[in-house]
Amino acid sequence: MSLTPEIIALLTLDAIFLFLGLIALFASGRIALWWDNQKSTPLQYTLSKQSYLVSTIIKYIFMLKLPLFLFFIYTCDKLSSIIAGAMCASGVVNSVDFGLYLTLFKLLNLYLFGFWLLLHYTDINNEKLPYTRLKFALFVLFSLPLFAEIGLEIAFFVGLNISKIVSCCGTLFSATSSSYISLFFVVDELLWVGGFYGFFALSIVAFRLKNTPVMIFANSMFLIFSIISLIVFFSPYVYELPTHRCPFCLLQKEYYYVGYLLYTLLFAGTFYGIGGGALALLSKKAQPSFMKASICLNMLYLAIISSYPLIYYVKNGVWL
Amino acid sequence: MFFKPNFSLLDYAIRSLMRRFGKSFFIFLILSLLIFLLSSVLMIADAIKLELNTTLKTLPQITLQRFIAGKQSDIPVERVDSLLDIEGISAVTPRVWGYYYFKPAGVNFSIVGIDAYEEQYSPTLTLITQNFDMKLLSTQESMIVGEGVQKILAENYYTDFFNFVTSEGKWKRVHIAGVFHSDLALESNDLIILPKKLAYAIFGMDESRATDIVVKVANAKEIPTIVQKITTRYPDIRAITQDDIRVSYQNIFDYKSGFFLALFSVCAFAFFIIIYDKTSGLSSEEKKEIGILKAVGWSSDDILKEKFYESFILSLGAFLVGIAFSLFFVYGLQAPLLRNLFMGYSALKPSFMLPFSLDSSMLVLLFLLSVPIYIAATLIPAWKASTLDADEVMR
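Which chain is which? The protein sequence lines are A and B, in order. Convert by adding 72 to the 1-based position in the first sequence; the result is the number in my numbering. Convert by adding 188 to the 1-based position in the second sequence; the result is the number in my numbering.
Next comes chain B alone, as it looks inside the complex (with noise of 0.2 Å):
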């Protein structure tokens, strides 16, 4: 009852957008560009996060890291057998694992020592366990290697073999027996899988302790008990759940996706404050259009309504455009240039498939920040030129 739509007041303020096209063009162009800036990189930030809780899943449910003066150090293997004890728990793992320095790339490999005849903790090394000969590993002192570690230790000339620099100065030459390619490039392109005892050799760890250790509960709902248990038991210890990463993960994309749309609330208030300049001053032919159409008899509130869906329809069909390029650009082209600002720079960051999310809460998130605050720049100027004076303006 408050707006019934009114289609002659709407053809004609089409009609008086295409008039002047040169000056809706060029708001209408810089209102899409900034729609399609912000949605990109709040798709881009969704897509990540969706492709990140896909990776959660396979994480280990409890994750326990053991704490001495606030820095993380070893955790004595034998806890595993004591922690068995606790109800609940279905399995215990010791981890081996770090990360080494390779200076002439400048990155780091993840190094993750196992055992051919332990469980594994997560679907993808049980993946490669079930590929590979494990006891063969281990007995020819060889490593397998993800994708991306493979492509650098090439352009460094090692085609076969590596040369590891144990903790002691000494070298450790390991063959490198595989490559393995993974549907999960998150987690694994920077990836190296040793047998456990290289690896107790080149971090030069005493094999009595292992990094942390990963705790497999068979009811998930019993998690925050047993963490509980297992910290009164062991109050060095500091457990990780999955629940923990989970809500860390969600923090960060908003505070990353937050802090652009910050910056973006303050370009879109200088394109405001630009958008009142210009539909304030009204050019004499404007006017006279006004002065025309009030001396035909139109009221002021005729006129504020035909602006009103002058405004709308520039920024609804903004809207619309800078929505359906960015639906290209994130989803076609995989956003190039802008997906590094979430994912960093460093050479082994894996390349991978944004996952394809769009849900309507986002659309509407996406409405609420364009349209209703272009109306808003535009309302007051509006105003001022419906409440010209016909006879005035006629003169």
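One chain only, chain A, in its complex shape (with noise of 0.2 Å):
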């Protein structure tokens, strides 16, 4: 364990997530089991009271985990620097057995918590408040993965060796290596490229014809897809270098940090043609919208990625 003051802050952050998540989640808990907004019991006043601080400390903490999402993964490129072998970010995430559920379950919390932040706000500018057990409910649910996130967070920075010797990404991510990942070079990259565009393609197609369980699925795959694609067959465009195709070493300053800029595109894109579309079913009310702000940045992400290997090809006349 070593205790850099980046892992402080995001140690005494996850203390107050912790603290907050509980009181948020028993008050959930009730609220989800006796909520009726026809009564008017002492029960159901003190309920209601209770809506506005779980709703103020989801906000609270989704507003954090925006930042330090990217913050946890500038401190684990600062922390590539003292450890053996690391030379960005990957290194020292896969330095620790979960890491990389670690990421995954982070991002899968910001989906989740914009998700209810999304049904919170369709509920109260409802007079009816139609969806405030439901929203509870679902709090009840997305706390699991946030003390997860939470555990696996504390638990990945006291498992953190500085002494032991790790792979780079330029392993971690090759065909050669053992793992997973490997696996998706198997395939041959035309098909990750290929349904990268395709699902996009889809994703437009659902949005003319107004067809909102096409939209989640077209989106979901289109965020996938983009991932693989992006290690498989993009990243080496950016890096100009046919054997480089890490995902992290995007957000490094040779690049232009543009992995910050191509990352919040993808997932906000992602984000309002998912969560906008189960806003829709659930509502059952279109959320146009959202679905417009989904395909301008998945549109603007596409080209963004694009222009990388149009580029390279326009300069150099070959394909890495």
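Honestly, the hints are just simulated from the structure, not real lab data. None of these values were measured; they are calculated from a predicted model. We treat Cβ as the ideally placed atom computed from N, Cα and C, and that holds for glycine. Only true hints are included.
Quick look at which bits of chain B chain A covers, simulated, 3 or more residues with Cβ under 8 Å:
id, segment
1, 428-441
2, 444-451
3, 488-495
4, 552-558
Assembling the complex is the task here: the two chains are given apart, and the hints tell you how they should meet.
Rendered as structure tokens:
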């Protein structure tokens, strides 16, 4: 375990999240069980007061989790300079067995909390508060990955051994490694890239047809295929190096921090697509503004990431 | 879409803070002080790290030390020739150096023996050999000392010579031929430079041995391979590379500032209990205010938002003030008192300027350690206040 200032900051905030999250969990469990908008009992009165507390806590956690996700990656990047073998965040993340799951949980929580807030805003803007019970039941469910993430993060920093030699991204993200990431390379890269463009096209079709389930499906697949095709196909063009396929190195200074822009666009775009779609299904009301935002952000991502191979081809006349 | 800034609410929040000036100001002051202390410590650590990293570049790429039974001992000089056989090594210099304890002042001088004809391993030494006549130094048995050494010696009435006590107990009288000034104060303040022969005599060392050996490598990327080759050839040798030193510096400074940060967390926790207590105990006037707001149609959500604005303004203000003061304290005043935390108190520790370094990640770190934590402390009291009933408090 190494206590750098960054790690202490992350752990302190984790402790706060844990404390506030437990309060929110307790309160939302009560609300989910006994909420009844028709009643005017003292219990109902207390519950409606507590609902403000829970939503404030969730807003607080979510607003901090957004920058903290980037800060976590940054911390790992910084730690890579003192861990032998690590050259960027991926080496540090993978130096502990569950590091990858931690990152995935962090991402999942952003989506879940974001969706919860979407639902919350729809709920409080409706006089009848139709989703109150549902949203608090959902929070009880969503708090599980939140607590899992906090637990994993604490275990991650405790288990971080700075004298252990780890693999760098060059070996992690290559066809020769034995990890499951190498499985992506078994399949022809054209399939991944084809899927990437295909699912984007499908989401446009779904938007035109106003078909929400297809929209959700297309966006989820688009997210998965984007990340895989980024590793398998696009990243070598960003680095201009045929063997370098790390999704974390994009965040470094040498590449003008382009990763922060790309990931923000991709995650925000697919979030509006999936979350907005789920909201439309729940409220049985189309959410065209979310869909438009989703299409725009995804298109921007697609344009930027596609420009890398194109510009490379125009400059050099060959594909990598 | 989640937080549309509401300027009327912001205005209301600022006025509300001003109305309770005494209470807000107290919190503001303590919070700024905490942030000031924290950011000063982190900034000093960062600045010293930067200075050390600059010095690091002038250190030898590989230093070879010999260990016998876990204790460092001298290396036979004849190994130099056999090391030169290894491909990729461009220069090998045996060094004679050590510490000389000067009891009257209770300090250690670093003594380095150099030869007029060999290539120097550090730019500072090269500069010194260019400025002083080393041949004269060895014929006249004299030395060149750093500024700090000269000061200490002068305080003990040695103004133009110094009597070393050798390991056999004899006196060795050495003239002070000159004093050097260097930009890299950390490196050279406590330094004494002697001809090699004199250094051997003072330490009582065998002239066929060296304290350690410094290796220069043509291609820095080959360092790990060369280290491996050397240690296979001589298993009793430990090789220390520049990178090893950099990592240990980083660890030490992270540890020191982390340790302070842990103390800070305790202080902050105590402070937040006070905040929690202060903000949850509302005065009757504040209660009346909330009652009136509710009566004129504010919802609990609006009051929560207003309270959020209040704590955000307060903590952000304290953050900015704290940072501004610590910038002035660390780089303007050169951090009196606090820098000793990192430097130690040794009498010969040099005085040097803390180089200015402030990056955005440091600001983000400080922000995360102050503003969100303060807001978390006020979250529950604010909620309690916002859910007060209008009729109850108005009564």
